[in-house]
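Engineer: Taking the hints as your guide, dock the two standalone chains into a single complex.
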Amino acid sequence: MNGKPKIGVYVCHCGTNIAGTVNVEEVVQFAQTLPDVVVARNYSYMCSDPGQALITDDIANMGLNRVVVASCSPRMHEPTFRKTLLSGGLNPYFLEMANIREQCSWVHDDPIAATEKAKRVVEAAVVKARRLEALDVKEVDVEPSCLIIGAGIAGIQAALDIADAGFKVYLVEKSPTVGGHMAQLDKTFPTLDCSACILTPKMVDVANHPNIELMTYSQVEEIGGYIGNFDIKVRKRSRFVDMDKCTGCGDCASECRLAGRIPNEFDEGIGMRGAIYLPFPQAVPAKYTIDKENCLFLTKGKCGESPKCKDACKAGAINFDLQDEVVEFKVGTIIVATGYDVFDARLKPEYGYGVYDNVLTALEFERMVNASGPTGGKVVMLERGKKKKKKEGEEAEAPRVPQSVTFIQCVGSRDKSVGNEYCSRVCCMYTAKLAHLVKDKVGHDCEVTVFYMDVRAFGKGFEEFYDRVRREGVKYIRGNPSEIYKKGDKLIVRAEDTLTATPLEHETDMVVLSVGLCPRSDNREIIDLLKLSQSSDLFYLEAHPKLRPVDTASDGVYLAGVCQGPKDIPDAVAQAKGAASAAMIPMASGKVKVEAQTSVVNEQTCRGCGFCVELCPFTAIELVEINRMGWPVRVARVNEALCKGCGACAAACLSGSIQQRSFKDVQLLPQIQALGVK
Amino acid sequence: MAEKTDFEPNIVAFLCNWCSYAGADLAGTSRIQYPSNVRVIRVMCSGRVNPLFVMNALQQGADGVLISGCHPGDCHYMQGNYYARRRFNLMRNFLEYLGVEPQRVRMSWVSASEGAKWKEVIEEVVNGVKEVGPMDQFKRRQLNW
Chain A
1 MNGKPKIGVY VCHCGTNIAG TVNVEEVVQF AQTLPDVVVA RNYSYMCSDP
51 GQALITDDIA NMGLNRVVVA SCSPRMHEPT FRKTLLSGGL NPYFLEMANI
101 REQCSWVHDD PIAATEKAKR VVEAAVVKAR RLEALDVKEV DVEPSCLIIG
151 AGIAGIQAAL DIADAGFKVY LVEKSPTVGG HMAQLDKTFP TLDCSACILT
201 PKMVDVANHP NIELMTYSQV EEIGGYIGNF DIKVRKRSRF VDMDKCTGCG
251 DCASECRLAG RIPNEFDEGI GMRGAIYLPF PQAVPAKYTI DKENCLFLTK
301 GKCGESPKCK DACKAGAINF DLQDEVVEFK VGTIIVATGY DVFDARLKPE
351 YGYGVYDNVL TALEFERMVN ASGPTGGKVV MLERGKKKKK KEGEEAEAPR
401 VPQSVTFIQC VGSRDKSVGN EYCSRVCCMY TAKLAHLVKD KVGHDCEVTV
451 FYMDVRAFGK GFEEFYDRVR REGVKYIRGN PSEIYKKGDK LIVRAEDTLT
501 ATPLEHETDM VVLSVGLCPR SDNREIIDLL KLSQSSDLFY LEAHPKLRPV
551 DTASDGVYLA GVCQGPKDIP DAVAQAKGAA SAAMIPMASG KVKVEAQTSV
601 VNEQTCRGCG FCVELCPFTA IELVEINRMG WPVRVARVNE ALCKGCGACA
651 AACLSGSIQQ RSFKDVQLLP QIQALGVK
Chain B
1 MAEKTDFEPN IVAFLCNWCS YAGADLAGTS RIQYPSNVRV IRVMCSGRVN
51 PLFVMNALQQ GADGVLISGC HPGDCHYMQG NYYARRRFNL MRNFLEYLGV
101 EPQRVRMSWV SASEGAKWKE VIEEVVNGVK EVGPMDQFKR RQLNW
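Line by line, the protein sequences give chains A and B.
For the first sequence, this note's numbering assigns the number 1 to the initial residue and increments by one for each residue that follows.
For the second sequence, this note's numbering assigns the number 1 to the initial residue and increments by one for each residue that follows.
Just chain B, with the same shape it has in the complex (with noise of 0.2 Å):
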């Protein structure tokens, strides 16, 4: 494992359009500042969300993965955030059953007027992952036979 201090945790969110991008474009405009290793994919709705997407960001090399939706009762598609938390439970299990550290991978509510509450996201997201360090598991090793 690398040295946790000087680690630089890289890490791909799924936002959806309506809450949590608007959310985080709120952070924006209140030039709430917050660390940069966070890079956002919008989707339309966190129920868009495919678990494999996210297997395939900790195969491809992010350290962790967030999803934001709207809070429960507020989305714009009345059941995604629902389905998107349901996917997420179950998929958290099976990542702690293949070893992902369940700091890894989050999910979180950021509705369209929580800038600030945007940045302690983040925050914590990146602490967390910082203290698991780098995302090893899912890479490729060479067997030496």
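Excised from the complex, chain A in its bound form (with noise of 0.2 Å):
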């Protein structure tokens, strides 16, 4: 086949679209003359059956090597022909397409131009079809197990239906348990569904699946490869707690000298825990962690006469000297599903959060009104920072309960001083659910305002929620407050009303910012290990808005849940579900074709510099020692698996040593020779 070329071109007339203006007759004779046509051919429809007959007839009798189309762009019938040659016996990379109806007949109302420029453009197909080279079509296996990188409720999601479907599932969790943010939700808006009932099934199953591995307070190391085969580092830390001793029972937290001083992470910071911990009662797995920034024994080395926790467990499990684990696996897909951080409402210090101790974070009150949260249920005013030491015998003061509540939504939303523009998505209908559950906890004599800027009530049952906690007595302001200051002790809120153009001054007891969804501060470690992409907002960008939303540039890399844009959990498990069963597609077929049109390194001429390798946008490319003769010299080399073919490479090396598959040099160039002619 590598003999001298022999082409053959076919010209189509596509009914009346380009032979009603092209001359297709003039085009047939003009390829004739061109350097190493055997054949030239016009037909009405070439990607007719007989129209492909024509070239497959012409493969056999005249032993055509290379074919040329001159029809519609190849963007809508490249694979047809290819797959012509294919069946005509010729590696389908030996076709090229010359477009004379897009980009000719269709724009060009002139039949002499038009001709003339369908000559040109047949012409350069030709002289590039004589440089074609034959492509080998490569497949590469897929292991049939998937890295889920997070495990709320979308990583959770996502796991339960890869596990069911039979493949292995990795599920890595940064955090002491499964749940992430659902967990420390109270009720689930428009339903108010309890958040802990329809969650913690899913968080057992999650434990209990035989085929997921569950690796808590975990976390990726390493990714390396490519889809079908990524090699998998993972740091499971230390607990010093032995996971399979530990029994759960909790002898040991209420033991601990720091019991009740540390801020609870899990509680938003207004509960508190100790050293050793489980972060809330239906954490999964049920099994303590010391933390190690914290505990007296782990930072100073002593615990009093020995640690409490270790005298308290009655199962021996508290081990002070269990090290980090380094887990290497392999699997073929991965799912990324890391969720969020919430807006740090101190970045809009007029609202007064972290100086008045009653300007909570909804997710704070989230907690608040939580059963099994700090206050068990209770809506309460806070008193931060006070040390509430109880003395024996001592009963508490009972905390004050607030006449009313104002919510404030658009924190850190839509708003450009903060540099987010998006819209959060959830903020209008927690806040209504909120709004509603203060209704109901704290009595309907509790006065709940909302101050918003426009009421979202997008989503299936929405609407009429929205309408429901408005009857139920919430008053809503449309205006953006300006300023909280505090008045005695009440929390004053100075607004506009924008309905009616009328400054305000709201007393209030207690201020919930509703403070909206931002990427998570540690984005960069996931984008570092997996070369993902951001969006303008920097949560993970999909590779395309509309059609593909849960697949990343990456192949085989795939997104859930709201690291790649706030979403509402119902959104969040569609899109889980969506990115499972993408990450299913490859696992399920064992095989996934690579990209052809690689780049290929003349290692012979390379010398080493290594502009290719700092260039590719995959990381496709490295330098490798070889034997040139007698001597070790560096070159590149390309990972053909990982090669998406852009030819980024070959544009930059200063030697021409490498270059992209089907548009190399030597390929490109006659074709600028033909068109730059006149």
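There could be a bad hint or two in this list.
Okay, derived cross-link-like pairs now, EDC-like style, lysine to aspartate or glutamate, Cα gap no bigger than 16 Å in a straight line [unchecked claim]:
| hint | chain 1 | residue 1 | chain 2 | residue 2 |
| --- | --- | --- | --- | --- |
| 1 | B | 119 | A | 109 |
| 2 | A | 233 | A | 49 |
| 3 | A | 486 | A | 505 |
| 4 | A | 546 | B | 74 |
| 5 | A | 292 | A | 328 |
| 6 | A | 83 | A | 49 |
No lab work stands behind these hints, which were simulated from the structure alone.
All values reported here derive from a predicted model rather than from experimental measurement.
Structural biologist: Printed below as a string of structure tokens:
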């Protein structure tokens, strides 16, 4: 096949689409004069069966080894004609198309100019075809397993779906428990389902599923390889508690000398824990964890006579000598479901968060109304930072209940001043839900006011719920407050009612800031591991906003949940199911095709400068040492499974040693000449 | 210099497969008419365009060159159009230094949905090159000793 090129040129009429403007006969006659062209034909519809048969017959009878089809755009029928070549026994990459419809007959109504252009385009295709090479269509095997990073509701749902389908799942979670933010919530809008009631069964399922290997308190450290064959390294951080022996009884936690003195992250800091703790009663796994940063024994080397937790543990599970464990495994696909951080309300200093005790974020308030939260579900005024040391026999003073609660929406969303232009999509509804819960828990006489910009109740049942909450007496005032200050023991919210254009000062006991959802502050870790892109809002970027919403630019890596952009629970679950199904496609087929038009290095001329290595957006190129005539030299080498065939390396190579297959310099330069010459 | 009024320039365009080539196809499906002076070479990414291709086109007789890719941030290969933009800016300075008018070598962002913009780009390029006339800077001249 490497002999002299024998080219067949096939010019399509496309009914009158091409032939109506371009003089097809003239183009065919011109094509016959071109070098290495042995046959040129025209036909009414080349893509039809008889049209394709013309090509296969000529391959068989005339020994054609290159084919040029002048017809519509290659974006339309290149796959069709590649198959034609394949069925005719030719390598499919011996095809070159000349676009004489979309970019010629349809856009130029002057027949002479159109015909002239068609000739040029055909000539360019022929001179490129002379230089075409056979390419291998490669397939790689796909490991039937999936790594899921993050075990919030999105990660949990994706893990369960994939595991139920029979594939192995490695579910890696950074914190000591699965559940994510959803586990912190009390009720879910608009149905007022108890969040824990619908989530905890799933949390238990992921822990018990035979196909899921759950790694909590663990972090992905390294990801190498490519779709089908990722090499993963995970660090399982030491809890200093033997997971097999711990029964979760909690004797240790109550004995800890620091019990009740460390802000509990799970309770957003309004609840306290000790150095050995379980984030919340339904945590999965129900195993205790010693916090290395705070534990007296681990930081100071001494905890009284002996660590009290160790003495208290009847199971003998506490072991201060336990080390981190690093595990390595292979997976075929990866789902990123790392979730979000809530907006840091300190960035809006006018609201006095962090200054006034009773300015809360909605997530703090969520913990407060939660029956298993630090206040046992009671809405009470907070006295932060006060040491609440109970003395023996002394009854603690009953905390005050707020008489009025004010919500402020869009804190950190739709706000250019903090760099977040987007809408967080959940705040309007969770505010309505929390407003309802205040009425529910504190009583109907508790005055509830919501300051809003616009209420976006777009989902199923959302508008109805918003209506219901207003009927319950929650007062909505349209206006974004400018300031909150303290007057006596009351908080004053300054705002303008923009519907009546009246400035107002609103007196209240408690302010809840409806903070938006932000990309995680440790987003960078995953970006560095997986080379993910970010959209302008800094959430992870999907491959296509409409048609590939769960894929990323890296094959085999998918997104689920809020790490891709703000979502409510149903949307996060839907996307997780989408990501699971996308990840299962390559795992189920067992094989995946990799790009054939990849770059290739001429190792005899490469000088190993490494320009291409730095340029490659897919880290597909590395420098390797080879033996060149007895001397060790470094040259670039392309990992064809990673290369996507963009050709950026080829354009940068100073010696022309790295070239993109089918778009090599020697293939493009004749095209340039054919089109350039007048 | 030739008579500018009847001068029809010859322009070589490098279009990326995913955005600009698709945009040019869309101009076709929308039957948007534009001058036939531009001939297209399809590359997978504007990042594939070696500056030497541009020089080569000008040497071979093209009066102008157009490079068109995806809008910044939309590159199918994440960064290719940024590479193209950086190379283009350096190259344009160099070409200007050589005495090549900046109108001859252009770069544009045309997305797959911008068939109408493709026509505008073409008209702009063609008119720009018409203004400066045929490319003869790189023509080899027989020196008369």
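Engineer: State for each hint whether it applies.
Structural biologist: Status of each hint after checking the structure:
A distance of roughly 14 Å separates the Cα atoms of residue 119 (chain B) and residue 109 (chain A); the hinted pair therefore holds under the 16 Å criterion. For the given pair, residue 233 (chain A) sits about 52 Å from residue 49 (chain A) by alpha-carbon distance, which is inconsistent with the 16 Å threshold. Distance restraint check for residue 486 (chain A) and residue 505 (chain A): the Cα-Cα separation of roughly 12 Å lies within the 16 Å cut-off, and the hinted pair is therefore satisfied. Pair hint residue 546 (chain A) plus residue 74 (chain B) holds up; C-alpha atoms about 13 Å apart against a cutoff of 16 Å.
Restraint check for residue 292 (chain A) and residue 328 (chain A): the C-alpha separation of about 24 Å exceeds 16 Å, so the hint is violated. For the hint pairing residue 83 (chain A) with residue 49 (chain A), the CA-to-CA distance comes to about 12 Å; that is within 16 Å, so the pair holds.
Of the numbered hints listed earlier, those contradicted by the structure are 2 and 5.
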